[in-house]
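Asks: Sequence:
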Amino acid sequence: MANHVYAISELVGSSPDGLEEAIENAVSSASESVRNLDWFEVTEIRGHLGDGGRVADWQVGIKLGFRVEK
397 MANHVYAISE
407 LVGSSPDGLE
417 EAIENAVSSA
427 SESVRNLDWF
437 EVTEIRGHLG
447 DGGRVADWQV
457 GIKLGFRVEK
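Per the numbering used here, numbering through the sequence shown is continuous, rising by one, with the last residue being 466.
Because the hints were derived from the structure by calculation, they are not lab data.
Every value quoted in this text rests on a predicted model; they were computed, and no experiment measured them.
Some hints here could point you the wrong way.
Unchecked claim - Label pairs and their computed distance ranges (CB to CB): (1) 463 with 420: 12 to 22 Å; (2) 399 with 455: 19 to 29 Å; (3) 399 with 447: 51 to 61 Å.
For each residue, glycine too, the CB sits at the ideal point set by N, CA and C.
Take these sequences, add in the hints, and give me the full structure.
Replies: Written as structure tokens, this is what we have:
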């Protein structure tokens, strides 16, 4: 395995459809402008409440690792 150096960005993805979709929204948005994405780590899970105290949106904080080019 080659030696790699990683940088980390922290993002929050959201979705009314669940945690997995919130993660995918964050990762897919980042992939539009960041190269060499390699891994993610979920650091926070929370939600936004709407009318009547029902869950309106899921919010997921992630750390996103990407390889630094030499």
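Asks: Go through the numbered hints given earlier and state which of them the structure violates, listing their numbers in rising order.
Replies: 2
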